[in-house]
Amino acid sequence: MQTRLFIACLLFLLCEKAIANEEVKEQTTKQQCEKEPCITQEIERITVKGQYVGIEVPEVIGRAYLDRNFIDSTPKGNGDINELIALLPGVLLSEDSYSIESLTEITAPEISISGAKPWQTGFMIDGMNYNNRLDPASASRITASENDVYGGVQSMNVNSQIVESITVYDHNIPADYGDFSGGVVDAETISAFATDSRVSLGIRGNKSDWGQYHIITDEDAEDNSEIQADPIEAPVYEKTNIDLMLQKRFNDNHALLLNISYLNSDISDISLSQMKTTHRENINGLLKYSYRNGWVDKLDLSVLYAPYESQSFLKDVLASEYQVEGGNLGFIVNLAEETTLGYWRSELNASQSDNNRTAPPHYYIWQQAKGKEWGQLANNNVDGVPTSEFGGYGNLNNTQTTVNWRNSLSFNNIKLANADHQIRIGAELNHQNVERVRAQDYYKYDSPIQYSSTSSTLNCSGYTLDCVEQSYFVDLDTLAQQLGGEINFNNPDHLIAYANNVETTAQYFNSRQVTPQESINVSLNKASIYATDVVNWQQFEFHLGVRYDYDDFFKNHNIAPRVSMGYDIFNDSNTLLTAGLNRYYDAGLLAYKIKEQQKFAYREYRPINAGALQAWLPSSYTGNYRYRYDDIDTPFDDEMALGIRHATQKFGNLSLKYVKRFKRKQLARNEETDLENDGYEYITVNNEGVGSSERYSIAWDAKFGDHSFWANASYSQNKESNTDYTATADNTPVESLVYYNDQLLSLSELNTIKTNFARPVSGNVGWNTDWTDNFSTGLTAIYSGSYKTAQLSDSFKQISVGKECENCEVVGVYVPVYKDYKFESRIMLALNARWEYKLSCSQFIEVSLDISNLLNIRTHSIIEGDTGIEPGRMFWLGLSYNYE
1 MQTRLFIACL
11 LFLLCEKAIA
21 NEEVKEQTTK
31 QQCEKEPCIT
41 QEIERITVKG
51 QYVGIEVPEV
61 IGRAYLDRNF
71 IDSTPKGNGD
81 INELIALLPG
91 VLLSEDSYSI
101 ESLTEITAPE
111 ISISGAKPWQ
121 TGFMIDGMNY
131 NNRLDPASAS
141 RITASENDVY
151 GGVQSMNVNS
161 QIVESITVYD
171 HNIPADYGDF
181 SGGVVDAETI
191 SAFATDSRVS
201 LGIRGNKSDW
211 GQYHIITDED
221 AEDNSEIQAD
231 PIEAPVYEKT
241 NIDLMLQKRF
251 NDNHALLLNI
261 SYLNSDISDI
271 SLSQMKTTHR
281 ENINGLLKYS
291 YRNGWVDKLD
301 LSVLYAPYES
311 QSFLKDVLAS
321 EYQVEGGNLG
331 FIVNLAEETT
341 LGYWRSELNA
351 SQSDNNRTAP
361 PHYYIWQQAK
371 GKEWGQLANN
381 NVDGVPTSEF
391 GGYGNLNNTQ
401 TTVNWRNSLS
411 FNNIKLANAD
421 HQIRIGAELN
431 HQNVERVRAQ
441 DYYKYDSPIQ
451 YSSTSSTLNC
461 SGYTLDCVEQ
471 SYFVDLDTLA
481 QQLGGEINFN
491 NPDHLIAYAN
501 NVETTAQYFN
511 SRQVTPQESI
521 NVSLNKASIY
531 ATDVVNWQQF
541 EFHLGVRYDY
551 DDFFKNHNIA
561 PRVSMGYDIF
571 NDSNTLLTAG
581 LNRYYDAGLL
591 AYKIKEQQKF
601 AYREYRPINA
611 GALQAWLPSS
621 YTGNYRYRYD
631 DIDTPFDDEM
641 ALGIRHATQK
651 FGNLSLKYVK
661 RFKRKQLARN
671 EETDLENDGY
681 EYITVNNEGV
691 GSSERYSIAW
701 DAKFGDHSFW
711 ANASYSQNKE
721 SNTDYTATAD
731 NTPVESLVYY
741 NDQLLSLSEL
751 NTIKTNFARP
761 VSGNVGWNTD
771 WTDNFSTGLT
781 AIYSGSYKTA
791 QLSDSFKQIS
801 VGKECENCEV
811 VGVYVPVYKD
821 YKFESRIMLA
831 LNARWEYKLS
841 CSQFIEVSLD
851 ISNLLNIRTH
861 SIIEGDTGIE
871 PGRMFWLGLS
881 YNYE
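Heads up, the sequence shown is in my numbering, so the first residue is 1 and it goes up one at a time.
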């Protein structure tokens with residue numbers, strides 16, 4: 001990392017010397033520094049009176065715009081842009097954002113837009129898409145999985161420090177955007193031409209000593225009226241965020257920007273009743289060269305480097321430490337030119353993202369017995385089978401490479417049939433490649449048996465990792481002598497003495513799940529064209545758009561109309577009635593293509609003869625499954641949107657909107673599997689899944705002097721059909737089975753039921769104020785209504801998966817149990833305060849304070865009946881030096 005920073009800084013200095021011989025033409029008012037005081041140049045000041053344009057842009061397109069002022073003045077935690085986006089109507093944060101794990105996790109919090117799953121939102125920065133197509137649902141999977149690396153819906157975490165503005169589309173989305181069925185987040189990095197020159201260095205952080213916590217015990221969970229003291233210790237952690245920005249405009253043509261944001265975290269968590277420390281590290285590095293008004297009107301060359309590293313463990317699992325390395329490296333070339341036909345833009349980018357896990361090679365679920373007692377220290381391990389877990393999920397490497405080229409041409413306005421036409425056309429080519437490698441077989445031992453026999457003792461036959469023989473503190477002959485010459489098992493005292501003498505109870509696994517090694521390399525090519533005609537006629541504004549997509553996997557010709565309109569009711573540009581009918585096709589196709597080639601787990605068993613374990617043998621229950629996507633249509637959402645927006649000169653902007661989404665041709669699986677000659681049972685997929693989302697929103701924003709206010713509220717309902725089949729061990733890979741509401745389900749079924757973003761009522765309020773020239777504050781309040789969802793418990797359910805052999809007994813394996821839990825409503829307040837102190841006319845320092853959970857209330861992230869910690873009031877302190 002130090003080498004990369006050195007090269008970047010060297011490049012910055014070389015470019016400055018090479019171009020600095022040209023004069024810089026002044027375009028803004030600035031203060032001139034003399035040796036004594038600061039003297040401000042006198043210039044003519046022009047005040048433009050008009051209406052305040054707030055967060056939501058008053059237009060037909062359904063978008064919100066967050067500028068740099070909003071970004072700076074809004075309270076933050078880690079500083080990821082998703083924290084800001086979650087303040088908009090129709091956007092919800094995952095419940096994980098309010099847990100104690102959010103203190104350690106520095107990855108982007110998951111968001112849902114318009115009721116869609118997090119991975120169905122399109123994320124872009126400077127025209128480069130940074131969605132994770134490896135397995136976008138892996139971050140929101142209800143449990144860790146041996147077949148998935150904890151990743152996220154985004155291939156990198158974008159810190160707000162490198163961003164100039166964020167545009168969020170939630171309805172009436174233009175035809176320029178594709179591969180989404182939720183919303184679109186389009187971020188723009190800081191311009192290299194922002195000022196003549198700037199140097200900024202800042203540090204920000206928080207520590208466990210600066211925060212407060214709610215220690216939740218079983219008694220607290222049953223009676224939430226009062227938080228009781230508990231011997232569980234609060235987490236010990238420290239988070240540090242360091243930002244560096246170097247920006248230089250050499251002249252009217254050339255500018256350079258280097259922006260680096262480094263964030264790390266060390267935090268403790270409770271596992272097996274002990275505090276353990278985890279580590280996270282994230283970097284955002286941006287190097288941007290910009291060229292203006294020369295041989296081309298606009299050229300931006302950018303390198304975006306965003307690695308991520310996590311060192312963690314599986315909760316309540318012994319010796320489970322693992323490491324995840326991920327992130328993104330992207331190259332961006334953006335070109336724009338004003339031609340005789342119109343404004344032409346070309347965006348070419350290439351990126352490579354990784355998501356790799358290094359972990360213990362195998363996983364063991366032992367029964368709690370002598371020598372394997374550590375599971376007794378785990379929370380809530382009394383309702384299910386008493387187990388002690390050990391190990392991890394093995395190594396797994398994923399690499400995603402993407403190349404994208406998009407061109408658009410906005411024609412000069414033309415007059416036709418008494419209407420003004422603004423026509424824009426575009427084309428896009430996309431290539432994606434994914435490599436997935438598991439270098440060795442992974443074993444999950446999930447059928448423990450305690451051996452007991454009067455005729456023989458257990459002989460592990462050399463197996464040391466998955467079998468333990470009976471052992472004693474003192475040999476039985478010595479114990480017999482201590483008891484009078486022999487052990488009488490009919491004597492209670494002898495029986496107690498014998499039990500206390502057992503050091504290790506005989507135990508072995510008679511069955512195991514094998515996930516085979518694999519090497520997958522798949523590619524996907526996609527082509528798109530789109531066109532939009534913005535027609536202004538009398539008091540009407542029509543957006544007539546259409547988008548065509550084709551990919552070489554589903555091989556479908558997808559046509560998505562994007563039609564919306566606005567009616568200026570009073571012909572004064574103050575009151576706009578909007579409506580739209582749109583179609584959005586889903587993305588994530590590479591995940592399906594990977595699934596077709598993925599090798600699922602199978603089972604092995606081993607017999608036992610006279611107490612002696614035999615070798616592992618192939619099981620009659622092979623579990624050899626493959627997925628097949630034949631003759632499948634691309635899932636899509638049809639949208640109907642209605643709204644009214646009213647702008648005033650004194651009281652700001654008010655908007656009401658209704659957005660209805662119909663989820664069509666969603667993927668579902670057939671209940672029956674097809675056994676073919678290659679020995680695999682093929683799980684086939686259909687388009688019978690349906691669903692819908694419905695949202696009513698109201699939003700208001702206004703500016704009164706130095707005070708800016710904004711508020712929004714939403715009521716939403718999301719529905720998604722489940723497939724009609726019932727998961728069993730005969731039609732579903734066993735590693736995908738879970739137990740919920742007294743029945744077996746697959747993880748995909750449970751993810752459908754588990755509405756993590758289904759809070760029906762939500763609201764946000766903000767108040768930003770400049771109290772003086774150098775002191776400002778920002779206050780936000782977030783309301784989240786109550787709802788029920790499924791959560792992972794610490795229990796297991798034993799199920800039968802069939803016989804391992806013709807004469808074997810039916811084998812039982814343990815699958816995780818999920819339970820319903822109600823998340824209570826909450827109101828979370830946050831505060832941001834900034835104070836500037838001017839050192840000279842060109843230098844100043846800034847002190848910042850961010851406080852989350854200002855009222856120190858419960859977040860209700862601890863499941864009822866569980867024990868744990870919830871974050872209370874938390875403080876972030878920051879200090880930065882700025883030269884401009």
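Among the hints, erroneous ones may be present.
[Unchecked claim] DEER-style ranges, computed between Cβ atoms:
no., residue 1, residue 2, range
1, 431, 650, 44 to 54 Å
2, 57, 775, 46 to 56 Å
3, 191, 770, 19 to 29 Å
4, 875, 539, 18 to 28 Å
5, 875, 296, 28 to 38 Å
6, 678, 614, 22 to 32 Å
It should be emphasised that the hints constitute simulated quantities derived from the structure, not laboratory data.
Remember, it's a predicted structure, so these values are computed and weren't measured experimentally.
Idealized CB from N, CA, C, for every residue including glycine.
To see whether the hints hold, each was checked on the structure:
no. : hint                  : verdict
1   : 431 x 650: 44 to 54 Å : holds, 53 Å
2   : 57 x 775: 46 to 56 Å  : violated, 29 Å
3   : 191 x 770: 19 to 29 Å : holds, 23 Å
4   : 875 x 539: 18 to 28 Å : violated, 52 Å
5   : 875 x 296: 28 to 38 Å : violated, 48 Å
6   : 678 x 614: 22 to 32 Å : holds, 29 Å
Of the numbered hints listed earlier, those contradicted by the structure are 2, 4 and 5.
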